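Protein chains: 2
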Amino acid sequence: MYRSHNCGELNASHINTEVTLAGWVQKSRDKGFMNWVDLRDRYGITQLIFDEGRSQKEVFEAAKTLGREFVIQIKGTVIEREAKNKNIPTGEIEILVSELNILNASLTPPFTIEDETDGGEDIRMKYRYLDIRRNPVKNSLLFRHKVAMEVRKYLSDLDFCEVETPYLIKSTPEGARDFVVPSRMNEGQFYALPQSPQTFKQLLMVGGMDKYFQIVKCFRDEDLRADRQPEFTQIDCEMAFVEQEDILNVFEGLTRHLLKEIKGIEVEKFPRMTYEHAMKTYGNDKPDIRFGMEFGELNEVAKSKEFPVFNAAELVVGIAAPGVGNYTRKEIDALIDWVKRPQVGASGMVYVKCNEDGTYKSSVDKFYDQNDLRHWAKTTGAQPGDMIFVLSGPADKTRGQLSALRMELASRLGLRKPTEFAPLWVVDFPLLEFDEESGRYHAMHHPFTSPKPEDMHLLETNPGKVRANAYDMVLNGNEIGGGSIRIHDKATQQLMFKYLGFTEEEAKAQFGFLMDAFQFGAPPHGGLAFGLDRLVAILGGQETIRDFIAFPKNNSGRDVMIDAPSTIDESQLKELHIKID
Amino acid sequence: MYRSHNCGELNASHINTEVTLAGWVQKSRDKGFMNWVDLRDRYGITQLIFDEGRSQKEVFEAAKTLGREFVIQIKGTVIEREAKNKNIPTGEIEILVSELNILNASLTPPFTIEDETDGGEDIRMKYRYLDIRRNPVKNSLLFRHKVAMEVRKYLSDLDFCEVETPYLIKSTPEGARDFVVPSRMNEGQFYALPQSPQTFKQLLMVGGMDKYFQIVKCFRDEDLRADRQPEFTQIDCEMAFVEQEDILNVFEGLTRHLLKEIKGIEVEKFPRMTYEHAMKTYGNDKPDIRFGMEFGELNEVAKSKEFPVFNAAELVVGIAAPGVGNYTRKEIDALIDWVKRPQVGASGMVYVKCNEDGTYKSSVDKFYDQNDLRHWAKTTGAQPGDMIFVLSGPADKTRGQLSALRMELASRLGLRKPTEFAPLWVVDFPLLEFDEESGRYHAMHHPFTSPKPEDMHLLETNPGKVRANAYDMVLNGNEIGGGSIRIHDKATQQLMFKYLGFTEEEAKAQFGFLMDAFQFGAPPHGGLAFGLDRLVAILGGQETIRDFIAFPKNNSGRDVMIDAPSTIDESQLKELHIKID
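Quick mapping for you: the protein sequence lines, in order, are chains A and B. So for the first sequence, the working numbering puts the first residue at 4; every next one is plus one. So for the second sequence, the working numbering puts the first residue at 4; every next one is plus one.
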């Protein structure tokens with residue numbers, strides 16, 4: 004044993020105890036005749052004291068050689084500290100050191116091991132093992148563990164069984180973004196890494212497992228946006244003999260449990276909102292409802308006048324930004340520039356100041372009178388002192404742009420409070436979405452999602468209108484989970500593949516095993532998956548997932564610490580029956 | 004909700020309750036005017052009754068159409084059963100059915116869904132989703148979940164933090180058996196799937212994580228022996244500031260906890276045995292100590308006489324098989340044939356019958372007198388009524404052969420009881436082992452294992468004699484876990500790579516990140532990994548791991564259910580910058 008206690012547990016009750024500690028030198032303060040060292044481990048920091056008068060000469064001298072991040076072991080006596088530090092649990096004591104053993108020296112670290120470090124992202128990633136010593140990263144990993152354990156306990160207590168599904172599976176044409184693995188034993192053939200265990204969990208339902216979950220790595224070889232990783236973790240769940248309502252209840256229960264256990268927050272029953280409503284009201288299928296700023300559609304009044312921009316538009320829609328009625332012309336112009344950025348893509352913006360005296364001043368006063376503007380204010384819910392921002396154009400695009408503006412304003416106004424949690428369900432997603440590029444419909448969720456029976460008749464005539472038994476859980480403007488009731492009979496599944504443009508042969512070659520399984524007594528079933536990385540980041544009040552992942556990859560999919568991916572030997576390629584092209 | 008109760012929970016206390024159940028038709032017995040159906044789900048079986056007199060006509064008729072494995076939902080009343088079945092929890096009641104809803108029909112399954120099935124291995128694997136409905140497989144998966152949860156709870160309670168390490172890592176030349184993954188974004192480069200998270204867990208120790216664990220998939224592309232899988236699961240653990248003793252104590256504690264919680268068995272403190280002792284006494288570094296039959300080395304007496312076979316041998320060694328002194332000549336010959344099989348490889352075997360009257364009768368009476376044989380009996384611990392079997396030849400090979408014979412005899416004699424658990428630690432493994440093929444030493448455990456300081460001086464002169472701080476946990480003749488205290492300083496790690504035949508450049512290219520990390524304050528650390536698949540199989544009293552894995556692969560590494568691996572599109576290969584060779 005290298006220690007009798009850790010660096011976070013000693014306090015006044017231990018005074019006069021002989022202890023052995025081990026850890027890292029956080030910092031030392033050499034006052035000549037006295038030398039203090041902060042000793043750090045995962046559990047905390049304990050102050051050590053080396054005193055010319057009270058310490059042995061060689062121990063006292065050795066302490067002067069300690070550099071930052073040296074690993075040491077000490078023996079000593081717990082004594083009362085003169086200058087107490089009420090901010091840390093060990094702040095009332097210090098250790099008068101009698102023995103010092105340097106376990107390992109350290110080069111000067113390339114960045115400071117402090118909560119606020121001087122290391123940039125790149126250098127932190129290269130030396131991730133040092134970055135992990137910092138509280139923000141270390142605590143994020145501990146937090147992730149705690150969340151995962153709570154998930155497991157909660158689901159296990161509800162009779163869910165965690166089943167490990169395979170990582171070496173089959174590539175599908177759907178799987179344009181599959182990572183593949185050449186097989187040595189099966190020449191010219193490849194495994195794929197799962198983008199999700201979807202078909203396996205459905206087969207477990209066919210197999211009578213009844214309630215399945217798994218916290219599992221998934222893989223997607225896609226161009227990485229800022230906060231995506233090629234490997235990510237899902238809480239993957241499936242239940243048999245359930246309807247949508249049952250699934251929503253179980254996983255709402257899980258989420259409420261997490262909020263309560265992890266954050267100490269009790270939330271009301273989750274609101275439910277249809278996809279259609281979410282799109283009309285927030286321009287977004289994952290609305291952040293921590294704040295209002297709901298959309299007001301202004302077509303009626305806006306198009307009744309001679310303003311050509313609005314008259315040419317499919318949709319005129321606005322939001323009221325609270326308390327910014329006094330924005331200067333410069334501030335407004337900056338915001339107009341912001342919505343014109345290519346990432347947002349609006350061509351212009353109309354604004355209406357709602358004066359405190361109940362009058363209005365707009366950028367379109369030439370076309371609209373006070374009555375018109377009063378109507379806009381009513382529709383957008385604007386109060387005196389607010390500002391209404393109005394966008395116009397093609398309906399879908401304009402909603403998307405206004406949603407971006409809504410989120411931007413909320414951020415600027417501090418309405419997206421990381422300590423506030425506003426979950427909801429978005430339900431009744433469309434089954435299919437039209438892909439302009441390929442000119443055909445794709446499954447919005449995946450091809451195993453069941454259409455609502457009452458919409459089945461629209462599949463031939465108006466496929467875009469068919470709603471699915473699909474749902475997303477949304478938390479603070481992020482989709483943290485999504486799922487559906489699945490198709491569980493062969494005929495419907497075959498039909499679905501047909502509508503998605505599969506030939507009968509393709510469907511059979513790729514998913515024959517699943518359709519075969521459906522012929523042997525498949526129960527009705529459904530489920531969902533949470534993105535664990537995102538979930539813990541949001542629960543942790545963070546915007547980015549990266550510090551909740553021990554060894555993340557960069558935007559090129561590289562691990563810069565170990566320098567992967569890398570080239571491999573010619574002989575290895577040969578064994579795998581492949582060549583570099 | 005498709006059900007008010009599951010099929011395992013109704014009993015006499017529910018009589019007269021209206022219930023809704025859903026599940027699979029296990030079997031039906033049609034007696035003309037009466038029809039019984041056993042309805043099955045994960046939780047049990049409930050008997051349904053359709054009665055011409057008491058059921059509605061259409062329900063009664065519909066029940067006659069039900070085939071095996073149909074999925075149905077029923078409503079009905081719990082009534083007392085006439086012929087009670089005390090063997091199942093629901094055996095006192097049955098459900099008088101008032102409504103029947105066929106949720107899904109089923110083709111006749113290709114094998115019976117019974118504990119003892121008529122399906123062979125191949126067909127069971129092809130229809131694994133049906134196989135999972137069978138109790139032995141279903142219960143194995145539930146059992147695995149229970150073990151994994153207990154492991155997680157136990158380690159979490161000891162402050163271990165589960166950290167997910169990456170799956171897309173770097174291939175190493177050591178990794179001849181790496182599965183690799185071509186990178187789309189990094190042309191001509193490959194990730195590798197981890198054979199274990201070894202270096203990452205060490206980096207977590209450098210990062211101050213202090214106590215790490217992870218239940219994690221690992222991958223090895225090796226020719227599959229009967230009971231190996233290309234993807235397998237480890238309970239991977241590491242601790243900082245510990246010595247070997249600390250690690251043995253923690254994981255002995257975990258194993259005792261599992262035996263107690265899962266099996267209700269209390270075991271004594273685990274015996275510890277050196278590798279050297281295990282090899283000399285059992286011919287095996289994972290001895291099954293549920294039974295004795297320890298080796299007796301007979302060189303002294305055996306070589307004192309004129310028996311040329313023994314005189315030419317490096318080692319003469321025997322075991323006493325209890326109670327088989329009355330084996331017939333035919334039975335003995337069969338055993339001699341058995342040790343001559345190529346898998347064992349002995350060239351012959353000497354035997355000594357220990358008669359009840361204290362005399363001996365051996366196959367080498369020509370050379371050895373009763374005194375000699377009495378000495379053999381004493382050395383091998385043979386009692387009257389036992390039989391001594393003696394092998395001879397090169398020491399290592401002969402020990403291996405005798406070990407195989409010992410295990411075979413124990414199996415035949417019923418000494419390997421699946422309900423008995425005899426764990427132990429084997430310690431002081433050699434650091435290196437000589438590989439005849441390459442003509443050089445390899446790391447027996449892995450290159451990160453630390454040599455015992457007191458043996459360091461032998462590294463140059465007698466590398467095979469250097470012992471490592473390495474240990475295995477052995478349970479019932481299986482290695483279920485193994486680990487070591489690691490090297491934690493750059494100089495020793497460099498030296499180790501040198502002894503293992505790495506050039507300085509190779510070591511740096513492959514493991515530079517680890518040696519770099521050691522320069523920034525690496526704490527002393529060590530750990531181990533358990534094989535979860537094997538552990539649960541042994542705890543479950545089974546010889547094979549396959550039924551503890553939901554979707555195992557066959558001996559060619561194929562998933563015959565989904566038919567993977569498979570060919571992939573030319574366009575996909577092109578995107579990955581590879582060609583089939």
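One or more hints might be untrue.
[Said to hold, decoys possible] Residues of chain A placed beyond 10 Å of chain B at every Cβ, according to the derived structure:
#, residue
1, K78
2, A108
3, H148
4, A195
5, E234
6, F244
7, E246
8, D249
9, G267
10, R275
11, H280
12, E317
13, D368
14, D372
15, E482
16, E508
[To be verified] To spell it out: a stretch of chain B is covered by chain A in this simulated footprint if at least three of its residues, at any positions, have a beta carbon under 8 Å from a beta carbon of chain A; those stretches are:
#, segment
17, 109 to 118
18, 318 to 326
19, 476 to 487
20, 545 to 555
By construction, these hints were calculated from the structure, which means they are not laboratory data. Everything numeric in this text was worked out from a predicted model, so none of it was measured. We treat Cβ as the ideally placed atom computed from N, Cα and C, and that holds for glycine.
Results of checking the hints against the structure:
Residue placement check: K78 of chain A keeps its beta carbon more than 10 Å from all beta carbons of chain B (closest about 14 Å). Residue placement check: A108 of chain A does not keep its beta carbon more than 10 Å from all beta carbons of chain B (closest about 7 Å). Against chain B, the non-interface label of H148 of chain A is violated: not every CB pair exceeds 10 Å, the least being about 5 Å. At the 10 Å boundary, the C-beta of A195 of chain A falls inside the reach of chain B, the nearest C-beta of that chain being 8 Å off.
Its beta-carbon lying about 5 Å from the closest one in chain B, E234 of chain A breaks the requirement of being farther than 10 Å from that chain. The claim that F244 of chain A is not at the interface with chain B is violated, since a C-beta of that chain comes within 10 Å of its own (minimum 4 Å). Against chain B, the non-interface label of E246 of chain A is violated: not every CB pair exceeds 10 Å, the least being about 7 Å. Residue-level check failed: D249 of chain A sits 6 Å from the nearest beta carbon of chain B, not beyond 10 Å.
Under the 10 Å C-beta cut-off, the non-interface status given to G267 of chain A relative to chain B holds; the minimum distance is some 20 Å. Annotated as non-interface, R275 of chain A keeps its C-beta farther than 10 Å from every C-beta of chain B; the closest such distance is 18 Å. For H280 of chain A, the requirement that its beta carbon stay farther than 10 Å from each beta carbon of chain B is met, with the minimum near 26 Å. With a cut of 10 Å on Cβ distances, E317 of chain A stays outside the contact zone with chain B, its closest approach being about 38 Å.
Taking the minimum C-beta to C-beta distance to chain B, about 52 Å, the non-interface status of D368 of chain A holds against the 10 Å cut. Annotated as non-interface, D372 of chain A keeps its C-beta farther than 10 Å from every C-beta of chain B; the closest such distance is 57 Å. Look at E482 of chain A: its CB is around 21 Å from the nearest CB on chain B, clear of 10 Å, so calling it non-interface holds up. Consistency note on E508 of chain A: stated as away from chain B, and its beta-carbon is indeed over 10 Å from all of that chain's, at 14 Å minimum.
With 3 residues having a Cβ less than 8 Å from any Cβ of chain A, the segment 109 to 118 of chain B passes the three-residue criterion, so the hint holds. Counting residues of the segment 318 to 326 of chain B whose CB lies closer than 8 Å to any CB of chain A gives 0, which falls below the minimum of 3, so the coverage claim is violated. With 0 residues bearing a CB less than 8 Å from a CB of chain A, the segment 476 to 487 of chain B misses the requirement of three and the coverage assertion fails. Counting residues of the segment 545 to 555 of chain B whose CB lies closer than 8 Å to any CB of chain A gives 3, which reaches the minimum of 3, so the coverage claim holds.
Checked against the numbered hints given earlier, the structure breaks hints 2, 3, 4, 5, 6, 7, 8, 18, 19 and satisfies all the rest.
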